[in-house]
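Trainee: Sequence:
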Amino acid sequence: MRQNRLILLAGAVIAAAAIAGVLIALGSNKHVNAAETSTATTPATSNPFAGIPQHGDRLGDPAAPATLLVFEDPQCPFCQEWALGTLSQVVNDYVKTGRVKLVYRGIEVIGPNSQAGLRAVYAAGLQNKLWNFAEALYRLQGSENSGWITNSVIEQAASSAGANGKEIVAATKTPAVAAPLSEAAQEASAAGVNGTPTFVLEHPPGLPQMLSLSALDTATFEAALEQALS
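Residue numbers for the sequence shown follow the numbering used here, beginning at 40 and rising by one.
Take the hints with a grain of salt, since some may be wrong.
[Stated by the list, open to error] Below, in silico cross-link-like pairs of lysine to any residue (SDA-like), each with a Cα-Cα straight-line distance of 25 Å or less:
id, residue 1, residue 2
1, K135, N190
2, K205, L165
3, K205, K135
4, K212, P244
[As the list claims (entries may be wrong)] Quick list of simulated restraints, FRET-style, between CB atoms:
id, residue 1, residue 2, range
5, A254, A215, 30 to 40 Å
6, N190, S251, 31 to 41 Å
7, P243, G95, 18 to 28 Å
Bear in mind the hints are in silico, worked out from the structure with no lab data behind them. The model shown is predicted, which means the values in this text are computed figures rather than measured ones. Backbone N, C-alpha and C fix where the C-beta goes; we use that ideal spot for every residue, glycine too.
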């Protein structure tokens with residue numbers, strides 16, 4: 040059974056109103072070199088987000104009855120594992136069918152270089168390409184805290200995602216990017232999120248349930264999500 044990876048969030052964050060939902064957290068206390076698990080050399084075979092509405096940090100039908108908040112750090116190798124190995128099937132089974140919409144919640148847990156990636160991801164959201172860009176950035180993931188998230192990498196990921204890289208870089212320090220980044224940190228604090236990836240399912244009127252995943256493979260993840268939705 041895989042051990043949870045919990046990396047404490049840096050700094051104190053003002054708590055926001057408690058989030059109603061299902062908390063699904065996964066990680067490991069073992070340090071993992073992201074370069075050892077990177078799939079950067081593996082090209083995307085298809086676009087799992089094609090034909091699905093994207094607006095800012097949201098993916099899917101805004102009227103979907105349930106919302107899955109996805110807390111990620113672009114430097115996190117387990118986030119990469121989920122995003123490149125499981126997300127596409129979750130999108131196909133739950134988002135395309137209108138059962139669930141996804142909302143990206145980027146938080147820094149690995150180190151300062153994560154901020155550059157998080158800001159770029161949210162900047163891609165201004166072009167409604169956030170999910171495409173986040174996936175493309177995971178394909179370029181390097182070693183944790185090695186400073187691999189540079190403007191050059193951001194522009195490379197943007198090109199793969201069909202976004203304007205120069206506009207993304209220019210937008211990274213704007214209030215339009217700072218606001219959702221701050222909101223994500225507040226929501227993470229309120230929900231007790233202290234590791235990535237973490238998933239919070241909002242499915243009114245159901246009460247919050249906390250689930251622990253032993254793995255990030257599709258079968259394990261969808262079984263947990265299905266139980267939470269029932």
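Trainee: All hints are to be evaluated individually against the structure, with a verdict given for each.
Mentor: For each hint, the structure was consulted:
1. Between K135 and N190, the direct Cα distance comes to roughly 33 Å. Violation of the 25 Å bound is thereby established for this hinted pair.
2. For the hint pairing K205 with L165, the CA-to-CA distance comes to about 13 Å; that is within 25 Å, so the pair holds.
3. Distance hint between K205 and K135 is unfulfilled; the C-alpha atoms sit about 31 Å from each other, more than 25 Å.
4. For the hint pairing K212 with P244, the CA-to-CA distance comes to about 37 Å; that exceeds 25 Å, so the pair is violated.
5. About 36 Å separates the C-beta atoms of A254 and A215, a value consistent with the hinted range of 30 to 40 Å.
6. At roughly 38 Å, the beta carbons of N190 and S251 sit within the given window of 31 to 41 Å.
7. Judged by the Cβ atoms, the range 18 to 28 Å given for P243 and G95 holds: they are separated by roughly 21 Å.
Violated hints, listed in ascending order, are 1, 3, 4; each of the other numbered hints is respected by the structure.
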